Each structure stands twice: as C-alpha cells, then as structure tokens.
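Chemist: Protein sequences appear in the order of chains S, B, Z and C. Per the working numbering, the first sequence starts with residue 1, numbered consecutively. Per the working numbering, the second sequence starts with residue 1, numbered consecutively. Per the working numbering, the third sequence starts with residue 1, numbered consecutively. Per the working numbering, the fourth sequence starts with residue 1, numbered consecutively.
Only true hints are included.
Among chain Z residues calculated to face chain S with C-beta under 8 Å, some are:
1. VAL337
2. ALA348
3. ALA396
4. LEU468
5. SER472
These aren't lab readings, by the way, just hints derived from the structure by calculation. Quick caveat: nothing in here was measured; it's all calculated off a predicted structure. For glycine and all other residues, C-beta sits at the position ideal for the given N, C-alpha and C.
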Amino acid sequence: MTRQGEMSYPRHKRNRWLALGLGGLVLLLITACSNSGRPLTTLDPQGPESTKIQDLAGPVFIVAGVIFICVEFGVLFIVSRFRRRNTDVDGVDEPEQVHGNFRLEIVWTLIPTLILCGIAVFTAQTIFALEEVQEDALPVEVIGQQWWWEFRYDFDDDGEPDIISANQLVIPAGRQIDLSIRSNDVIHSFWIPALNGKKDAVPGRTHSLLIQANEPGVYEGQCTEFCGISHGYMQMQVRAVPAAEFEAWKQNQLAPPVEPTSSAELAGYEIFKAQCARCHQVNGIDTEAEGYSNTGPTPDPDYGADQVANNAPNLTHLMSRSTFAGSMFDLYADTGDGVCPVVSDSPTAEEQHSAGCTPNLVDLESWLRDPPAMKPMAPDGNRGMPNLGLSEEQVSALIAYLTILE
Amino acid sequence: MFTTGSKFFYGLAILGFIAAGFYAVLTASHPEGIWDTLTGEGIIDVLIGPLTLGYKGTVGDQLGFSVLVGFAATCASLGFFHTAFRDADPESVAELVHAETVPVSEPTGLSPWPIVGAFGVAVLLIGWAASEVLFVAGMVALVLVGIEWVVQAWSDRATGDPEVNRTIRNRVMVPIEIPLAIVIGIGVVVLSVSRVLLAVSATAAAIIAIVVATLVLIVAFTLASFPKLRQGIIASALLVAGVIIVGAGIGSALSGERDFETNDSGQEEGMAVVDHVADS
Amino acid sequence: MAVTEERPLELEASEAPEVVEEPMGVFTRPRGGRGWRSWVTTVDHKKIGVMYGAVALFFLVVGGVEGLLIRVQLATPSSSPDELLMSAETYNQMFTMHAVTMIFLVVMPLAAAFANYLLPLQIGARDVAFPRLNALSFWLFLFGGLFLNSSWLLGGGPDGGWFMYAPNSSVVFSPSHGVDFFALGLIIAGVASLISAINLAITVINMRAPGMTLMKMPMFTWMVLVTQLLLIFALPVITVALFLLMFDRLFGANFFNPSAGGDALLWEHLFWIFGHPEVYIIVLPAFGIVSEVVPTFSRKPIFGYPFMVFSGIAIGFMGWGVWAHHMFASGIGPVSVAAFSFATMFIAVPTGVKILNWLATMYGGRLRFTTPMLFAIGLVAMFTIGGLSGVTHSIAPADTQQTDTYYIVGHFHYVLFGGGVMGLFAGLYFWWPKVFGYKLSEAWGKWNFWVMLIGFNLTFGPMHILGLQGMSRRIATYSEGYGFNFWNMVATIGSFILAVGVLLFFINIWVSALRQRRHPVDVGPDPWDARSLEWMIPSPPPEHNFDEIPTVTELDEFWYRKYGHDEQGRLVRIAKTEDVVQKGDRAGVHLPSPSYWPIVLAFGLPWIAYGLIFNLWFAVFGAACVIAGAFGWAMEPPDDPEAHRHPAGPEADAPEGKSADVEGEGAPVG
Amino acid sequence: MAEAAAMPSVTVTASARDAEHRTATGLSNEKLAMWVFLASECLLFGGLISTYLLYKNRPGEVVDLAGNPVKVSELFDIPFTSVSSFVLLMSSMTMVLALAAIRRGDHSRFRLWIVSTAAFGMLFISGQVYEFTAFVREGLGFTSNVSSSAFYTLTGFHGAHVTIGIIMLFSLLALSLRGVLPSRKSETVEIVGLYWHFVDIVWIVIFTVVYLIP
Ligand code: HEA
Ligand code: HEA
Ligand code: CUA
Ligand SMILES: [Cu+2]
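Bound conformation, chain S alone (with noise of 0.2 Å):
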C-alpha cells in the first residue's frame, strides 16, 4: 500500500539505516546469546553425557534449520512473487487451475521421512549410550523433597547412608556419579544442564540418571517439574572437587558435628535439641533418648511411608556447604572487602576461612526469624520450615551453635 511513500525516501539512505540497525541488532543478539554469566545454560555441556545430548541436538538444529530458512523463504518468494499486480484484471489474468501434483507430493512426503529416518538412527543410539553405567561409578541417593534436595552417599554399601547432606552434591571430578532419584512427596525433576539432562524424582519409584564432571567446578541446578509454591525456589549444585579434596570433604563429613563449648553455643545446642532437632538431624542427637517430644522424622526416616515432607536437611556439617535453603542464600558472606570469593566459585569452608569469610548472618538470621518470608513454604501443610517465634536471645544463641557445625 504503501509503496509511493517508499520511493520518495532515498533508497541508499534507507539502506545504510538498515544495515546499520541489524548489525546493531546482530551484536545485540550475540551477546545477549552468550553462554557467559548464564550457569543454567544448556548450550555449554561440562561433562560426557551431556555432550553426547549436545552432539545430537546440534545437528537436529541445523537441520531443523535449514527446513526453516527453506519454508520461511518459500513463503517470502511466493507471496512476492504471485501477488495479484493491480494491473491484473479479473476473469483475464487468472492463474492456471492445478489441482495437484502426485509424484511431487510424494516426494515431500519421502524427504521428510528420510531426514527424520537418519535422526531416528542417532537418536536411539544417543539413548542408549546415555544409559551406560561405567564400572568405578560412584553411587549417590538424591532425594526430592518440598523445596530442597536431599544427598546420601553409602560408601560401605551396607545400605544404610553414610553422609547425609543436602543442597549441594559433591562429587569428584572425571568420575562417573550413577545417581538413584527418590522423591519424598511429589514430583521433583533433578537437572544439572551443564552435565546432563533431566530426570524425574517420582514419588514411589527410583530412576537413575548418570552424571559425570570433567573439570572442578560449581554446576548449578534447578528443579524442573513443577513441585508448588517454592518450585521457582528450588534449586541445587554440584560442586565437582579433585579426587584428593573429594576424600578430605568425605572423611570431614564421616566426622562426627562439632561440640558446642561457648555458653553461647551451648545455649543454642539446647534451643537446638528442644526446637529444631524434631525435624533437622545433627547425627547423635538422639531427642528421644533425651525425652524431647520428636514428632519429626525419626534419624533415618522411613522416606515415602508418609506423603507429608517434615523431613529437613540433615545440619550436621552445615556450614560445609557454601549455600542454603534450596541453594537461594549464601552461608559465607562478602566482608565487603571483596576477597570473599561468590558462591558460585563456591570454595570449601576452610577456602572460607582462610579468605577471611564469615557467615552469612543476616541472612541466616533472617532465616531463623521468619523462614516462610523468605522462601514460600506452607508450614501449616507441614511443607516447609514454620516460623518458630524465637526470641532474639534464641537466634543468636541458635546461630553461635549453627555456625560451628562444619
């Protein structure tokens, strides 16, 4: 319609503009397409099997491609090319009636078949080798729960969980990790993108979902299947370690919880065994042995006997994590000096400390105040940590005793 108004505009002038727009809009995309600063992105595999994913999917891209620059531009020559000229008259420059053309239909029928027979054939085999389990594969229980991943590693294989943590999964790097996915109430999907694609947590079943890191790192996670009102909150990392640092994180996690010895701490270790110890496990607190009520889970629960999540994650070595909370806060805080190192370099607690980092207290205080306003929980449903009414006293006293569990 508006083709007088484009003429009378120069046409060079025009054209300088528009490349001058889309090489902007190029870099724009570019950049806000780089994998740098995204953690959760699934175009920079880490690991073995998600680069299997990656060397399938990026084909099928291409191709998929390819079939889309074709139609697009089919579409674009059609409809310059067999636009009705208003020079056409009607009844006189009618086009020719086709009604069809059945060898050319059969052929797009048969090419379509064939690309996707030759994608069907890489497709099963990429299944199946995503399946292969090596033999030095480290096993690992993961856990779903509302709103937070529970990890259980059994070194002795006698079937009872050996370390029980939470949040953060430490694996060691180069080895294959063959992990068991439970889910303690509803469906939770575990997804490390950077090192493999995602598996559901399904109530009632176990599925097994191989993981492997070949560099030290932090890999962030986030639970995909919608889980209710946390879902956007629960999220997780892998922090792959070398061999060596693996074994040391083992034998401090098999150590038993740091004793209290401050009245401070002392303090917080009774608030703790009175209030908290009927849902968090610090190993060897046993609250009935000590007649506290524990209407918690008992050390190790009976996991799917009862739908309802009062579990919470085992604060035995708390503070040998670098994040709480379903991964949505930092346990060491930034002194402001910037040498404390961000979470997602995610160093061990001694990097922690000997970076001169120290614990996160506002947040962590905030926390015991009022859990519920910092993360959506339906403590009333039993999901999630209620509000306890503590006293300041109480929460200090708590944190004294919180922060020497290493």
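Chain S is already provided as a structure; the job is to place chains B, Z and C with the ligands on it using the hints.
Modeler: Same frame as chain S, but now just chains B, Z and C with the ligands:
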C-alpha cells in the same frame, strides 16, 4: 373476600411462620437449658432472632429456619395471588365471563393423600421407636404427601374447570413424579433384593438370584404365551410379587446380615460408600 | 404395573392408540421471538455458533490478561519474594488458569463456533443433527467456564499447572479447592465437548447435501470431522482421569497417592493420552480454515486435496501414539523413550505435507492479501517454527535438556498461538461478512495482523533462547545471576505489543460495526468470490439456511457454478454470482423449535459441582434442575407442533413435513 | 475437471423435500449417534479397566484376621457373580424380544419384555449392591487400598450405566403406556437396546478381566 384457596394458603403460611419461630428458638444453643433461657435474660435475644428473620439476635439451625420461612413466604405469596386474582372463586369467574348463573363448584373427588399421610405418620411413629431408617422413610413420606396435597388443593381451586385443573396439576407434578417414582421404584427393589441376598449364606444368595431370575423368565414366558389371562390375575400376581420382595427385604434387613469375617478397619468409610452406590 | 390395562396381551398385532403428543412441562414452549429470550432458548446452529464465538472472545481477554500478568511478573528478576507483583501462590494459579482458559475456553470453543456455524452451511444442511443437544453443549460449556473461573472468588484457582501432575494435585499438597474446581469444571466442559463432538460428527457423516461425497467435502469440514473424532476418543480418557482425581480429593481414595500404592505416572499417562490428541484438536480446525482461505485468495483450488485430507487423518491417527513424548524425563525406560521418540518425529511428515501443499496452492496463484489471507500466511510461517521446535523436542535426549524450560513454552505458543489462534483469526476475518453481513475494516485488519505478528514473535521468540539458556517454566521469579533479564524484558514488551494487536481486533469490530450502522453496505452473499456452499446464501444467512438444498457434483461446488476452465486450464467465468446464489426468501420452512430445557439442564451441573465441593444441598438443587431439564426435554417433541399454526407464510407445511434433520432426538435417549 | 463447467441447475424442486429426509449413510442420526457414543464409552471403560489392571495386585494397609494384606480379588465370590452375569445376559435376550414385539406392533408383549429386561437389570444391580455390601462387611471399603478403589470405581461406573439403562427402559414403558410409542418409532427402542447390549458386553469384559483372570 378471601377465596377458599387463599384462606388455605394463608393458614399454611401462618403455620409455617410459627413453626419457623419455634424451630429457630428450639435449635438455638441454650447453655443453661432451654427453660432458663426462655425465662431469663436471653429471651429477648432468642425472640428477636426469628422476628427479624435472623438479621439480629439468635437463630438456631439457619438452614432449617430458612427452609421453613421460605415455605411460609411461598404460601403467603400464593395466598396473595389467590386473593388478588380471585382465582377459582366461582363468583368472580362468573363475573369475569359475564355469566348469568354462578356455576356450582364441583366437590373435589376422593383424595388419596389423607390415607397415605396417615400411613406416613404410622411409619414415622414405628420408626421413632424401632429404627432410624423407618423414621426417615416416614418423614420423607410425610413431606411428599404434604407437597402433593398442597398442589392438589391448590390446583383443585385454580380455575372453575376440573378438567383444566387436572391438566394444571399434571403439568406441575408429572415431571417430578414420574422420574421420582422410577428412581424410588428402582431403589426399593434393589435395596430389598440386596438385603435378602445379604441375609442368607453365600451359596443361598447365588441360588436365590438364579431362582428369581428364572421366575421372572418363566412368568414372562407364560404371560407371553397365554395372552388371554385375566388382567386382574396378572395385576394381583404382580402386586403379590412386589409385596413379597419388599416384605422379604424389610424382613431380612431387620433380621440382620449373615456373619462376615469382619475386621474393623475401613468399616466406617465403607458404609458411606455403599449408600452412595445404592443411590446411584 | 405394565400389563394392567385394557385388553391385555392379545396376540394380534395392534398399534397403541395414538394420543396427541402434548408437551408436558411447567413452561410452555418458547416461540422464536426477538431479544435475549430468542438467544437463551435458541437451537439454531448459527446463533449458537455466534454465542460460542462471543464467549470465546471474552475468555480470550480473560486468558490474555492472565498471560500479561505472568509477563509483568517475569519482566524483571527479583531477589526476594515480597518484591513480586504476585505471590508464588497467585502466580501458580495464574499460569494454570491461563492455560486452562486459553485451551478449553478460548481455542476449543472458538473452533466450535466456526464448526457450529459453518458445518451445516458447508454441507448444505438445515441445522446440525441434534439442535437441542447443540444448545445443551453450548450452555454446558458456558456454565463450565464460569464455574472454573468462579474459583478465583471462592478460595483461589487451581494451582497445579494445566496438566495437574499427581500427587501435587492431592489434598495434602494443594489444600485449597482450586483443583476440585479444575476437575469438576473440566468434567463439565468435557461433557459439553463430547456431546457437541458426537453431534457434529453425525452431522457431517449423515447430513451432507445430495451428491456431496466425503471426497467432495470442503477442507474445513474434513478437518472438523477429524477433530470431532479425536474428541470422541480423547475425552473419555481425561474424564476417567478427572474422576479418579476427584475421588482422591473428595472421597479419600488413593489412586494417585504413591505412599498408599497409587501410581503418580498413571495420571501422567492418562492425561497425555488425552493431552496430545488435544493439541491436534486445537490446531486441526485452524488448518481447515487456512485450507479454505488460501485457495480462495490464491484463486486456485487447494493443491492435492486428497493428500490434504489424508494427511489430516494421518495427523489425527498418529496423534494417538505419541503421548509419552511429554514424559521423556519421567523415567519410563529407554525402550519406551526410543519408541515414542520415533513415533513423534514422524508426525512431522503429514504436517509437512500440509505446509508444503499450502505453499504449492499459493504457488502460481494470484494472491490477494486481504486480512484473512495475511493471517493464513502468518499461520503457515509461524506454525512451521513451532513445528520445527517440536521436532527438536521429539529427539528424546535433547528433550531431557529442553523439557520444562521456556524452550517448550516457546514451542507451544508458536503452535497454539501461531497455529491455532492465527488460523482462527483468519477465520474470523474471512467469515465475518457471512455471519454479520458486513466486512471488518481491511485497514484496521492489516494493522491488527502486523502488530500481532510482531508482538507475537517478540513475545515468544525470545522464549526459545531463554529456554536453551536454562530458564525453567512455571517459576514465579528468577534471580539476577542467571542472565535471563534481557530476553524476559523483550518478551514482556512483546506481549504488550501483542495485546495491542488483539485490542486492535476488538477496535476493528467496533469501528466496522459503527461504520456499517452509519453507512450500510450490502456485501452480498459472496464478498470474497469464494468457493464453498456457505457463500451461496445471503449474508447473514436466513434462519433456514438454504432455500433449496443444492445438489453437489464437485468439490468447491459453488466455485464451479461460477467458473470453468478454458483449454489452457485457465479460469473463465461461466455464470454471474447473482444468478447462482440463493435469495434466502423461502418461507415456511419447518425448523427445529426453540426450547428452554437445554439451559435448564445445563444450569444444574455446576450446582452439582458446587455441591460436591461445598454443601450437598447445592447438589440437590442442581440435580433437581438436571432431572427437570431431562424430563421436560424428553417430553417435549423436538418440533413444536404449534409452530406452523402461526403465521408462517404461504407454504405452511403439511403435518408430515418435519424435516428429517431435526426429527426426534429419541425422547428417552436424550 | 473442465466438465465442472457443465453445472447443474440450481433448483431441484421436486426432490428437495425427499432430500431433507434421507441421510447420507441411510442410518438415522439417532442410531448413528448412539454408535458413536458407545465407541467413546469403550475408551471410558478402557481407561477404568486399565486402571484396575494396574492396581489389582497392590494391597494397601488393609489386613485380614491373620494379618495378611487383603486384595479385592481375594474376596470374589465367583459363583455368585457368574449368576448375576448370567442374569444380565438374559436381559439382553428379553431386550431383543421387546424390540421384536414392538416391531410387530405387539405393544402388550413389548411392555412385558421391557419390564422383564428392567427386572433383570434391577436384579443385577441388587447383586452388585449385595456384593459391595458384603465386601465392605469383610472390611474392604472404597478407600481401603488402591485395588479396592479401582474395583469399586470400575464396577460402580458399570453399575451406574446399568441403572441409567433401567431408567431408559422405564421411560420407554412410560411412553408406551401413554401411547406415544407407536411401532414406527421402534427405532427408539432399538437405540436403547444398543445401549443395553453394550453395557452387557462391557460387563462380560469386566467379568473376564476382573473376576476370571487371576
Ligand atoms: C497446537 C498444538 C500443538 C501442535 C500442533 C504440536 C505439534 C508438535 N509437537 Fe508439541 N506441544 C504442544 C502443542 C502442540 N504441539 C503443547 C501445548 C505442549 C506442551 C504441553 C505442556 O507441557 O504444557 C507441547 C509439547 C511438546 C513436546 C513435549 C516437550 C516437553 O515437555 O518435554 C514434544 C516432544 O516431542 C512436542 C512435539 C511436537 C511435534 C513433533 C509436533 C509436530 O506435530 C510438529 C510438526 C510440524 C512440523 C515439523 C513443521 C512443518 C513440517 C515441514 C516443513 C516438513 C519438513 C520437516 C522436517 C523434516 C522436520 N510437543
Ligand atoms: C491457546 C493457548 C494459549 C495462548 C493463546 C496463550 C497466550 C499467551 N501466553 Fe500462554 N500458555 C498456554 C497457552 C496459551 N497461551 C499454556 C497451555 C501454558 C502452560 C501453562 C502451564 O505450565 O501449566 C502457557 C503458559 C504461558 C507462560 C509460561 C508460564 C510459566 O511457565 O511460568 C507464559 C509466560 O510468558 C505465557 C504467556 C502468554 C502470553 C503473553 C500470551 C499472549 O498471547 C496473550 C495475548 C494477550 C491477549 C490475548 C489479551 C489482549 C487483550 C487485551 C488486553 C484487551 C483488553 C481489552 C478489551 C478488549 C476490553 N503463557
Ligand atoms: Cu521441586 Cu520443582
Ligand atoms: Cu504432545
């Protein structure tokens, strides 16, 4: 001035309001006992409730109160309509059609409702003493009778023409009666037979089912092949069969079920379930 | 009881005495008339179609505003829950209701609007097979939709996502009544769809004009037929699932409670066995519309009609074997994964045939870029994008990276909006003059299209990138550090452009209606020089549709009454449109009579549902409505015997003159 | 397709009325609709039966006196259910007789057979209520465990279908008594018959799958 029809309805309306008032007062919570409330301070509160239709003050069971008030209001408005339009008043009809003579209004025919109503009362009383089920059945019967009677009474006086009156009644009631009759019929038969089956041993239940089925078949085939049987015979045979089924049902229900290897878990929910099924 | 009557059981065959079929009910039969009453009691497929359309457009705004709220929430990251526009709870209800509204209350009924209005016209029938059932479907749908949305006011909407995975949908994890509303509302809407599907399928199968064989049916009719068959087989499955869910929630069963032996995957299977066919139920009518629009404005017959038909059937058929592609990550085992992965890929083949055949139809044509044509081309271009991303999901290993991310959200909005909604908009512009007698403004229409196209791509295009960068769906917010900020902002801006696009459509209606009122223009029966039978009758069509049912000898019958070919296969006009079309002035055609009962019956169901949720007394009231409705319905003859005693015109029908297409919805069956 | 140009004349006055009476398949709309509806019902029962099959061996927390978990399939009284299955099958026969009678115009026999069919139906439902009650008395309620829930849901849905069928039969009876069911409308009976036979056949499947296959 007041036509017969409207008087009837006004009467019902007043009764309804009174009943509602009583109901409201009686079902209200009386921590010190009802007598103390009525003689003491609380009386005002308790009386204001029903008088203001629950706007202020106390009303006990809201639902029942509203139902009763609704009933009364309906009757009152029906009465009002009758007065206003002076339906069925022979004189006014005559006036309307400019007839010379006032038509003699025919006496209404025999109504089954008093008898059925009496039966309902009897069942209710027996039920009160003996079993909850019968009590409820009696209540239901009485409610049904009430409705039918009211509609009958109204339609008998709706216009001067009995033929039209009957059509009117059918218009209103048949859409309710037929489905209800079918459903109740199915329910009664199903309940009766299943009670009988429950009362006997498992093998006997199977045998009874076979026998009943065969009987139905035999009877049907006999009827089909001897078409000249007298109508009366068939009718009475059916009646007897019906009475036997229902009677046997009630009998077995009262005599209880055979022993089951009961254990307690799940029993409570289970009962409710069966009731649902029976209703469906 | 039965045999007690005069002269029982005589052997000689005898007819029962005929008595006059007098209607029995409290209401006297409604008679046509004007005003709102004529709409409430109507059984005319055209009026019902218009009502479907109006309600669907209303819900489009509702669902759209919900979508916009989602976008506003996600425009920027947040670092703490209380910075948000909506709390996580509200957000979850929002996207659940957004999806449910869009799918069940917008796209499906809009397709039903077209199907209702056009099927009888396209096949040369007076009405659908069961006009009263048709009315019932509409009212059930309306009341079901209102019931669902009433959950907002009664304690919050459903919050489990539109596929409502168990056990998150159980009472323990979703204690509000939202999920009950979901289950019961969808059962009601499902009953509506099932009835209408049977009705429309029978209409197509049984009521075609003489000579219209299956392979001479218009493409739209064909695609609607396939859709209805899909519905007929898909709806019972979701009904079972919803009943089980309801039993779990309301009566304490444990079908989906893993700790009591239930199986969470059962729900997934049942839902997706329905859910996947459902997506083709959404898109096939749109495909049908495009297959009508493209030939009309290319002035060429559809390329490869048989291929188009069979690819539609193939899509419908294959759609049954691929449901588990929604469950690639749910742990169904590598063999199943592989099998479903392959099955899914090959759906691209028949769909590709459709896309390429549309292109081939346009190829060599004389394209007129009217608004409907623009939307149709828009569908071809946009659906392809969605389809191709669909193929990338079908590669199971790749899907484990993509599933439940915004990449999926991108995919399905491209197919749902770029396929479904674009096609339906093409249909709205195309058939508007037929339905209302005036065209929508082309100028506004073009604005509508372009703004919508740009907004659409800006909204949903970036979602592909976001998804691949790892943004999960159904998250109420995301944190700064993930690098999602830029594209989310773009998408949000895009969504508002899109909303303006949709708004332009409503403005267009307003402007065009006003213009028509001020300066009435008669568009005539055939404003687009189109091809199928509906264009042969006046716009808007008279109540009886056709003066005479045409006899069909060709696919595109109407076109070939206007045009022939010369020796070179070029188009030549052989008759003037005015000579071919019907006048619409025949009087005294006996039509199905309006009825109160459908609305009475439909009104009862939501009350039963409220009863199950809140207080059984509601259910008693509802059941009374249903029983009264059903009984009155059964007792009321489908035709009003009184109707033709009214001044009808010279040609008052003979008593036997009930038209076959409306006779006896067998009383006890209905 | 050039011959398309030879278009027929627009009006076919004489045949128009006939055209309105015929259907493209020759089957009436109602009958076809019932067939299509039944096809859809197949999937409904298919879904329910699959659910039952999935759950039938999953005992929940219900235990018998010896403390073993109870499954619904352990309570089946197969002889009794065989009898009631047989009763339901018989009703199909009487339904056929009813249809034949009304086709002949023999209204009295029609009513007789309709009543018999309904009686068999009610006998079957009684049997089902009996069975349900017996199970509940044994301690197996609707919510006791998933196998019982699945069982009650499946057979309950079937029972509801039979009950609706009985209501339809009685409606036919009512119509016949009011004299508005002449034999030229026997198709209505045929359609109800279709439904009834379908419900029977479904029961055969349920009986085999649920009761007979261990
Ligand atoms: C209108 C609705 C519609 C349509 C038509 C489609 C069409 C397709 N869909 Fe989509 N889909 C949805 C609606 C739809 N989908 C919805 C709503 C969801 C999400 C549900 C939820 O989770 O909430 C979904 C999710 C979804 C998934 C699950 C993703 C996940 O959650 O992990 C998958 C996986 O395979 C998939 C695949 C496909 C495929 C292969 C097609 C094919 O039919 C597409 C075929 C078309 C083409 C391929 C383009 C044209 C073809 C050519 C030009 C020929 C040449 C092509 C090739 C050789 C490749 N879809
Ligand atoms: C046909 C189906 C359909 C359609 C048309 C749309 C349309 C839109 N959808 Fe969505 N959507 C779904 C089906 C659909 N959607 C489904 C199935 C899901 C999955 C849900 C789940 O996970 O369970 C989903 C989920 C979904 C999400 C993901 C939520 C999440 O996972 O957290 C988002 C986010 O951006 C979104 C956005 C939008 C937007 C912006 C539009 C826009 O197109 C809306 C455009 C706006 C309008 C149409 C309104 C315009 C009108 C006005 C404002 C004018 C008002 C004034 C008057 C006229 C009076 N949708
Ligand atoms: Cu856990 Cu989402
Ligand atoms: Cu799908």
